[in-house]
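From first to last, the protein sequence lines are chains U and W. Under the working numbering, the very last position in the first sequence is 454; numbers go up by exactly one each time. Under the working numbering, the very last position in the second sequence is 908; numbers go up by exactly one each time.
Hints in this document: simulated from the structure, not taken from any laboratory. None of these values were measured; they are calculated from a predicted model. Be careful, since some hints might not be right.
Under the rule of at most 25 Å between Cα atoms (straight-line distance), these lysine to any residue pairs were calculated in the SDA-like manner [stated by the list, open to error]:
hint: 1; chain 1: W; residue 1: Lys707; chain 2: U; residue 2: Leu9
hint: 2; chain 1: W; residue 1: Lys636; chain 2: W; residue 2: Leu674
hint: 3; chain 1: U; residue 1: Lys92; chain 2: W; residue 2: Arg531
hint: 4; chain 1: U; residue 1: Lys53; chain 2: U; residue 2: Arg18
hint: 5; chain 1: U; residue 1: Lys132; chain 2: U; residue 2: Glu45
hint: 6; chain 1: U; residue 1: Lys7; chain 2: W; residue 2: Thr711
hint: 7; chain 1: U; residue 1: Lys7; chain 2: W; residue 2: Met469
hint: 8; chain 1: U; residue 1: Lys253; chain 2: W; residue 2: Arg856
hint: 9; chain 1: W; residue 1: Lys636; chain 2: W; residue 2: Gln581
hint: 10; chain 1: W; residue 1: Lys461; chain 2: W; residue 2: Arg856
hint: 11; chain 1: U; residue 1: Lys7; chain 2: W; residue 2: Tyr459
hint: 12; chain 1: W; residue 1: Lys707; chain 2: U; residue 2: Lys282
hint: 13; chain 1: W; residue 1: Lys586; chain 2: W; residue 2: Asp678
hint: 14; chain 1: U; residue 1: Lys99; chain 2: W; residue 2: Glu465
hint: 15; chain 1: U; residue 1: Lys304; chain 2: U; residue 2: Glu28
hint: 16; chain 1: U; residue 1: Lys253; chain 2: W; residue 2: Lys707
hint: 17; chain 1: W; residue 1: Lys546; chain 2: W; residue 2: Arg783
hint: 18; chain 1: U; residue 1: Lys408; chain 2: U; residue 2: Leu357
hint: 19; chain 1: U; residue 1: Lys252; chain 2: U; residue 2: Arg18
hint: 20; chain 1: U; residue 1: Lys99; chain 2: W; residue 2: Arg531
hint: 21; chain 1: U; residue 1: Lys182; chain 2: W; residue 2: His884
hint: 22; chain 1: U; residue 1: Lys282; chain 2: U; residue 2: Lys92
hint: 23; chain 1: U; residue 1: Lys99; chain 2: W; residue 2: Ala525
hint: 24; chain 1: W; residue 1: Lys546; chain 2: U; residue 2: Met15
Rough simulated footprint, nothing fancy, chain U against chain W, three-plus residues with beta-carbon under 8 Å [to be verified]:
hint: 25; segment: 462-469
hint: 26; segment: 623-633
hint: 27; segment: 828-840
hint: 28; segment: 866-877
Note that beta-carbon positions come from the ideal geometry of N, C-alpha and C, so glycine has one too.
2 protein chains.
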Amino acid sequence: MSSDYTKILLEEHEMPTRWYNIVPDLPEPPPPPLHPGTLQPATAEDFAALFPKALIEQEMSAERYIDIPEAVLDVYRLWRPSPLFRARRLEKLLDTPAKIFYKYEGVSPAGSHKPNTAVPQVWYNAQEGIRKLTTETGAGQWGSSLAFACAQFGLECEIWQVAASYRAKPYRRTMMEIWGGKVHPSPSTVTEFGRSLLAQDPDHPGSLGIAISEAVSEALKHPDTRYALGSVLNHVLLHQTVIGEEALLQLKKVGETPDVLVGCTGGGSNFGGLAFPFLREKLAGRMNPVIRCVEPTACPTLTKGQYRYDFGDTEGLTPLMKMHTLGARFIPEPIHAGGLRYHGMAPLVSHVYQLGLVEAIAIPQTECFTRAIQFARSEGIVPAPEPTHAIAAAVREALACRESGESKVILTALCGHGHLDLASYDKFLHGGMQDLELSDEALAEAMRHVPEIA
Amino acid sequence: MSSDYTKILLEEHEMPTRWYNIVPDLPEPPPPPLHPGTLQPATAEDFAALFPKALIEQEMSAERYIDIPEAVLDVYRLWRPSPLFRARRLEKLLDTPAKIFYKYEGVSPAGSHKPNTAVPQVWYNAQEGIRKLTTETGAGQWGSSLAFACAQFGLECEIWQVAASYRAKPYRRTMMEIWGGKVHPSPSTVTEFGRSLLAQDPDHPGSLGIAISEAVSEALKHPDTRYALGSVLNHVLLHQTVIGEEALLQLKKVGETPDVLVGCTGGGSNFGGLAFPFLREKLAGRMNPVIRCVEPTACPTLTKGQYRYDFGDTEGLTPLMKMHTLGARFIPEPIHAGGLRYHGMAPLVSHVYQLGLVEAIAIPQTECFTRAIQFARSEGIVPAPEPTHAIAAAVREALACRESGESKVILTALCGHGHLDLASYDKFLHGGMQDLELSDEALAEAMRHVPEIA
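Isolated chain U (complex conformation):
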């Protein structure tokens, strides 16, 4: 490969053929999910009404590698391997000796990393005879990815979209409908929980936790229907490791190893997908990058939340998971990175953070958008609001290198484009965007409802 490359591509045959499960490589195992009634470790049967057997096995697997089915690889090939870019123009703009690399997942049909897990989730459900999947979505990245994947394998897809987003961003709904998805605003009149919330407030804005409750309860009603989650769970992070495995191969092609890796964290799947293969290398002593989560100051799950057992949804239908949480009833401020507005964090990301294997910082949204504009004017791509947090963290590192004179290798994930988030940019450019911080009082109030479990 010539030394003045802009992007590092892989051939289709170089695409990873297995996912990486970090669990067996960790110094201690993550705490198990608990059945909310018995408070005993949840069993495969506890998940059976929600997920197909193959995914439950992956959720609990102790295998280091899991083969990617050929039918899944076949759909991955529509956009994978994804490119790794050297951000030469951004480096020049920042006048930094650092080398910045970004792995770009916006090349997928849905425009983000989410199809990496949507496709296998749908395929495993199809293999077990499931005919319909339900799910929730916020801004719509996950809902559109699942609708795309369902179209590939002929399943129905029913989506509860947070009502505030359903009203404010009609175009994501259209995208879901193009791929055949059926979309409800949440809270909806379809479920009892939704109806109870609408009775209290007919204009209820909804939240991800509420939408999860609705999608789960609908799946529980029908034997040929299951539920799909777009982040948080072990099997979701597992599927996303194709990102990190590809990035490892790509950096190797140009003879680089990262000194710093930064990724944005909402539910944790984009971060885990990029970081876990590198954490494997670090744990094995083959490289030693600093690995850092980046979250919004308005929803600072890792940096301000508590490491406790909590529910994944608002109604309390899911098993309890040990994770950093702001409380399942917490409704974050309406920041523009909708995908980072979740009260909890992937148990695996929480665990490695608790073990001190990764760091975390929170960045306010106006800094993120400032860096996103610089990124767009130099690198071209308009980032989704979520990865602007990762870009802002990468820029902080690059500017520190300018001061210190170090030429660190910085790796980050640009997990999606912002073509459906231009209203947020408009708000930033025309002066209406404010930074939002979670107050100690609001946090204390939200944490009051978290179950007390030793």
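Please arrange chain W on chain U, whose structure you already have, making use of the hints.
Structure of chain W alone, referenced to chain U:
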């Protein structure tokens, strides 16, 4: 390359390093542009107030190949070479023995093929000390591409956007602003022509021809400002030939030659960019594809227009060009493929059509959107409304192959994604979209104003 590939990629070093000029290979030269006052062939000086010298030279060049400057190649590398896909999933859905290939230009930062010419146009202007470019845009694909390119080389960018689109599609404006562009609705209060139209109708919806007049007149006012056009002209089609040159290389890698090539035509640059390198091969006897233009029934420039000298803009500021035209004062129906709503056609495309070297058909928009939904559900990508015309034509061919049993190789260009056109899909899915045909009466009325030149 393995035989079950999905996409055919090229390495950066395989990217073409020169553009192809079809003029010297044509059996007869195209008629020259005329000065509107003298009706004599326009000279380089006639264009000097509008374009930099290097682009005027390209406009009039008889050289077969023109080297792409290194600085332009460097920006191209942000997204080029672009992928060529084999549409295996669409083929399966259609149950056709045909092989369908599509060259995907939506991977560019602006999401279409337009940056292929925006980048060199800005660079040549920058080389000659120009500080600002003006242009027009309809739906916004061209305006955003020029704003992106100006950000790369530090030029100011001022854009007149057709008022109806400015109001209906605020997100494209935001995209132009992200890249630093300044956007006016057209007609605007900035120019005398704009003010005269607003005096007649304060809610004037505008048209591309009007917006061109405004951008041109503003460029003529300032010595450090030039005008940039996103289609129609020879140098624009020249720059777009990177598409066809790459596609030739990519098909060669898998041992295929096209039997049929279809491309959508608005101003003609996407079509020319894909088709001219293949037309060179055809003229040289190295392959024999049928080459077909596809236009909307609401703006059927080639299939219903007349081959006459006409202006490129509504006010009559440009040189006269011999082209298929519906009349410079024609304002097409508001169809959803905004990029295909232009009264004229590239003189080079008109000329090869007149010579019988390429064919043309018109397709109504509901057929196009029907095929676009099938495409999205099989291939994943949501197409822009413009290339849905090319997709619909490719599907017609593929279905004919199903009848005949032939396994033709069909090549088309997916010149952009539809992420900023989802309102059009919403209209299609929810039943409000109608087909629009140009009536003979409307055409006759529009043609009344075209100058009579022998």
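Outcome of the hint check:
1. W/Lys707 - U/Leu9: 17 Å, holds
2. W/Lys636 - W/Leu674: Measuring from Cα to Cα gives roughly 18 Å; hence the hint holds.
3. U/Lys92 - W/Arg531: 16 Å, holds
4. U/Lys53 - U/Arg18: 19 Å, holds
5. U/Lys132 - U/Glu45: 20 Å, holds
6. U/Lys7 - W/Thr711: With a Cα-Cα distance of about 29 Å, the restraint between U/Lys7 and W/Thr711 is violated, given a limit of 25 Å.
7. U/Lys7 - W/Met469: Answer holds: U/Lys7 to W/Met469 is near 13 Å, not above 25 Å.
8. U/Lys253 - W/Arg856: Not OK: U/Lys253 and W/Arg856 at ~44 Å, beyond 25 Å, violated.
9. W/Lys636 - W/Gln581: Roughly 22 Å separates the two Cα atoms, so the pair holds.
10. W/Lys461 - W/Arg856: 23 Å, holds
11. U/Lys7 - W/Tyr459: 21 Å, holds
12. W/Lys707 - U/Lys282: With a Cα-Cα distance of about 39 Å, the restraint between W/Lys707 and U/Lys282 is violated, given a limit of 25 Å.
13. W/Lys586 - W/Asp678: Within the cut-off at roughly 7 Å; holds.
14. U/Lys99 - W/Glu465: At roughly 21 Å apart (the allowed maximum being 25 Å), W/Glu465 and U/Lys99 satisfy the hint.
15. U/Lys304 - U/Glu28: Holds: U/Lys304 and U/Glu28 sit about 24 Å apart, inside 25 Å.
16. U/Lys253 - W/Lys707: Roughly 23 Å separates the two Cα atoms, so the pair holds.
17. W/Lys546 - W/Arg783: 45 Å, violated
18. U/Lys408 - U/Leu357: 20 Å, holds
19. U/Lys252 - U/Arg18: This hinted pair holds, its Cα atoms lying about 18 Å apart.
20. U/Lys99 - W/Arg531: This hinted pair holds, its Cα atoms lying about 17 Å apart.
21. U/Lys182 - W/His884: Given pair U/Lys182, W/His884 holds - Cα atoms ~13 Å apart, limit 25 Å.
22. U/Lys282 - U/Lys92: 30 Å, violated
23. U/Lys99 - W/Ala525: 21 Å, holds
24. W/Lys546 - U/Met15: The hint holds at about 24 Å.
25. 462-469: holds (count 4)
26. 623-633: holds (count 7)
27. 828-840: holds (count 7)
28. 866-877: Holds: 5 residues of the segment 866-877 of chain W have a Cβ under 8 Å from chain U.
Hint check: violations occur at hints 6, 8, 12, 17, 22; the rest are consistent with the structure.
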